[in-house]
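From just these sequences and the hints, can you work out the full model?
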Amino acid sequence: MLRYILLRILQAVPVFFGTTFLIYFMVFAMPGDPILAMFGDKTPNPAVLEALRAQYNLDKPFIVQYLLYIGDIFQGNFGISYSGREVSEILVRTFPVTLKLAVMAVVLELILSISIGLFSGIRKGKFFDNAMLIISLVLMSLPIFVIAFLAQFFVAIQWGWASPTVGGNTAWWNMLLPAIVLALSLYATSMRLMRGSTVETLGNDFVRTAYSKGLGRRRVIPVHVLRNSLIPVVTNSATNFGILIVGATVTEGIFNVPGVGNTLFQAIVRGERPTVVSFVTVLVIFYVFLNILVDLLYAVLDPRIRYV
Amino acid sequence: MRNTTSRMRRLLTATAVASVAALALAGCSNGGGEGGGSSDDAAIITVNSTEPQKPLIPTNTNEVGGGKILDSIFAGLIYYDVDGAVHNEVAKSIETDDSVVWDITLNEGWTFTNGEEVTSKSFVDAWNYGALLSNEQLSSYFFEDIEGFSWEEDSELTGLKIIDDYHFTVTLSHPASDFGQRLGYSAFYPLPSVAFDDMKAFGENPIGNGVYKLAGDDAWQHDVKIDLVKNEDYKGDREAQNGGITMKFYANMDAAYADLLSDQLDVLDEIPASSFGTYESDLGDRAVNQPSAVFESFTIGQFLDHFKGEEGKLRRQALSMSINRDEITDVIFEGTRTPASDFTSPTIDGWSDSLDGAEVLEFNEKKAQELWAQADEISPWEGTFKIAYNADDNHQAWVDAVCNSISNVLGIDAAGDAYPTFSEMRTKITDREITTAHRSGWQADYPGLYNFLGPLYGTGAGSNDGDYSSEEFDSLIKEGISSTDPEVANEKFQEAQEVLLEDLPAIPLWYENVVAGYSTLVDNVEFGWNSVPLYYQITKKA
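So the protein lines, in turn, are chains F and V.
Residue 300 in this note's numbering sits at position 300 of the first sequence; the count goes up by one each step and never skips.
Residue 363 in this note's numbering sits at position 363 of the second sequence; the count goes up by one each step and never skips.
Since no wrong hints were added, every one of them can be taken at face value.
With a Cα cut of at most 25 Å, we get these calculated BS3-like pairs of lysine-lysine:
#1 LYS121/V x LYS161/V
#2 LYS60/F x LYS428/V
#3 LYS478/V x LYS42/F
#4 LYS200/V x LYS121/V
#5 LYS100/F x LYS225/V
#6 LYS428/V x LYS42/F
#7 LYS386/V x LYS42/F
#8 LYS54/V x LYS60/F
Hints in this document: simulated from the structure, not taken from any laboratory.
And the structure:
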């Protein structure tokens with residue numbers, strides 16, 4: 001087990017170099033001069049332009065820029081954004097907000113999809129099941145920004161049940177609306193996974209055995225069916241968690257959440273190399289470790305799976 | 001200067017859906033507003049802004065997000081009122097006989113919020129810092145005209161001479177009649193001596209002498225908001241009628257608009273384009289729509305084929321007259337633009353809508369076709385007329401409309417040419433690699449006609465992207481800027497514009513309007529010449 005974990009962590013090293021190199025290259029290859037764009041429609045004096053380029057190492061060849069950047073990272077220095085702030089400081093401030101939002105969304109999604117999926121699976125082909133399948137189909141076909149705008153308009157503006165934006169107040173109750181929106185965007189897939197898995201488990205011999213032993217539904221469903229049906233849903237949710245951290249940009253913009261997505265989006269638009277690359281690097285590392293965690297989760301949920 | 005920020009804020013709106021009005025409970029807004037009366041010290045006004053792109057240093061801030069904060073916490077020699085007119089603030093008098101040597105006396109008794117007195121040195125040191133080449137300040141070009149300024153090496157501004165604590169003189173390297181008018185721009189604010197010890201730390205926690213000050217050390221929550229409170233030591237005429245301003249930062253204006261509709265935000269100075277169709281019914285008499293100091297046009301480089309010499313002149317005039325500005329501002333922009341009648345803006349002193357030759361900006365199908373035919377006699381037109389624009393802002397709709405208008409009237413192919421980002425297009429324009437017409441615009445730094453003309457169309461000027469050159473224009477501009485009489489200067493600038501109306505180095509389209517609104521909780525919301533609300537006079541309703 002330990003050997004397996006170590007091996008997986010070692011595998012993450014080339015992933016780290018590969019991604020930072022690729023990301024750095026892509027940002028480098030982005031057309032347009034971010035320094036020039038700082039001046040809007042005005043054309044700055046060439047002397048100022050040159051000095052600013054030198055300050056951000058933009059005057060050096062690509063590979064030198066990349067090596068300088070990697071060197072800094074190994075000294076714990078994630079670089080300085082164009083606004084003169086430490087990128088690490090921006091990360092420390094924005095990451096917990098996005099993390100909190102993602103945790104809330106995943107918890108909500110799990111509660112909803114597991115309970116509804118389980119019930120749907122048990123009542124397969126009945127009215128409830130069909131209704132839930134149609135609803136999940138609708139949710140699946142709605143892009144997230146539509147759900148977000150509808151929720152913001154009706155729940156927050158029309159009915160006044162929540163604040164339309166999050167802003168500085170990142171208390172959990174104030175982020176409930178964006179969390180629900182994110183949860184809904186993931187719910188449909190999870191619910192269908194859970195339903196399918198339940199149907200499959202119900203057909204297993206051990207369920208029939210349990211019933212024939214004289215156990216009641218109250219015992220069979222939670223202990224035998226639920227637990228055995230959970231594996232795909234839980235692992236899927238862990239992956240979703242990564243997707244949420246990385247992909248909350250749209251939702252964060254609409255609800256003005258001061259998180260990773262919003263900051264990264266602005267940095268991309270401004271062509272801020274240090275911020276973009278450092279953010280993406282941290283996200284990649286996070287994602288890699290989350291995947292390792294998911295693999296280990298299999299073993300916990302299903303004792304038949306062993307890692308050597 | 002605003003384009004870089006506004007396009008970010010608008011990017012997400014491309015995916016937006018329309019919204020309608022309603023009210024909601026105030027969940028997390030500030031609890032002030034008790035007691036009533038016109039001056040309520042407890043009332044905090046919440047307004048929209050964007051995270052400053054740079055530390056808050058006056059000479060290094062050229063975008064709106066940082067500018068709004070600096071203008072609130074600093075007081076300069078002069079300030080601009082709601083009409084853009086100039087009033088003395090820290091200055092007691094600003095005098096000149098020849099537009100070269102400027103004699104400036106200060107009012108006594110002004111202090112920074114750390115107790116330090118505002119003296120001649122506060123200004124001279126700040127300007128020298130801003131002008132020094134190795135300090136790489138974005139607004140250093142404001143000091144270009146002062147004697148001793150250099151783009152080649154670090155040099156002191158020898159034109160600045162301190163006579164005593166409240167009296168100093170500025171000597172320019174050439175006459176500039178509107179120098180006094182420029183002094184209200186943030187680059188000219190004074191700095192306390194503590195700033196020069198550690199400018200970076202100062203930029204995080206600036207100490208000013210303005211209407212407001214930062215509410216403590218943690219007032220600025222990055223990417224979230226900044227809290228400003230009334231500065232009790234402020235000595236000027238613009239005393240705050242509220243207890244303070246909280247600027248909430250938004251990356252997406254649709255989010256800000258949602259907050260405005262729920263009274264979670266008191267003033268929104270930029271309604272998102274996705275709500276242009278509904279904001280007037282949403283907000284009623286709390287909606288604001290008035291011209292601002294933003295001029296929009298498209299530029300056809302003098303170096304492009306078919307646009308040189310006499311042929312180019314005819315073609316430019318024909319193109320201008322084939323654009324139906326009234327219809328486009330009405331239909332595409334829902335009345336949030338005002339058709340242009342010159343090269344400046346209606347909020348600027350000296351603006352006129354009756355310049356000789358302004359009829360070239362009116363829709364005239366017959367005349368346009370005639371002129372185009374004349375140009376064809378010189379050299380027949382071939383190919384497609386293209387207008388380059390950046391696709392990361394709301395430009396596509398109007399570019400398409402303008403191209404359709406041209407194409408219908410002149411019977412030629414016309415189309416937009418999209419660049420993914422603003423910075424990519426700017427790079428191409430600056431390197432003169434652009435081979436088509438391109439959208440252009442200008443937002444003034446100070447409310448003067450010269451600012452819209454000299455830097456854009458003067459021979460060899462920094463932002464003359466079309467390489468326009470006209471001796472007649474240059475000499476008129478020079479006469480204007482050398483004159484000591486503002487009236488005479490404006491007359492010269494108007495004559496210079498009449499030259500432009502014939503040559504059309506850029507084809508004026510419209511002035512951008514301030515499209516804004518305010519909540520049910522505030523009163524006395526007025527917008528200054530530069531589209532920013534006059535925060536100090538906003539009052540909270542009882």
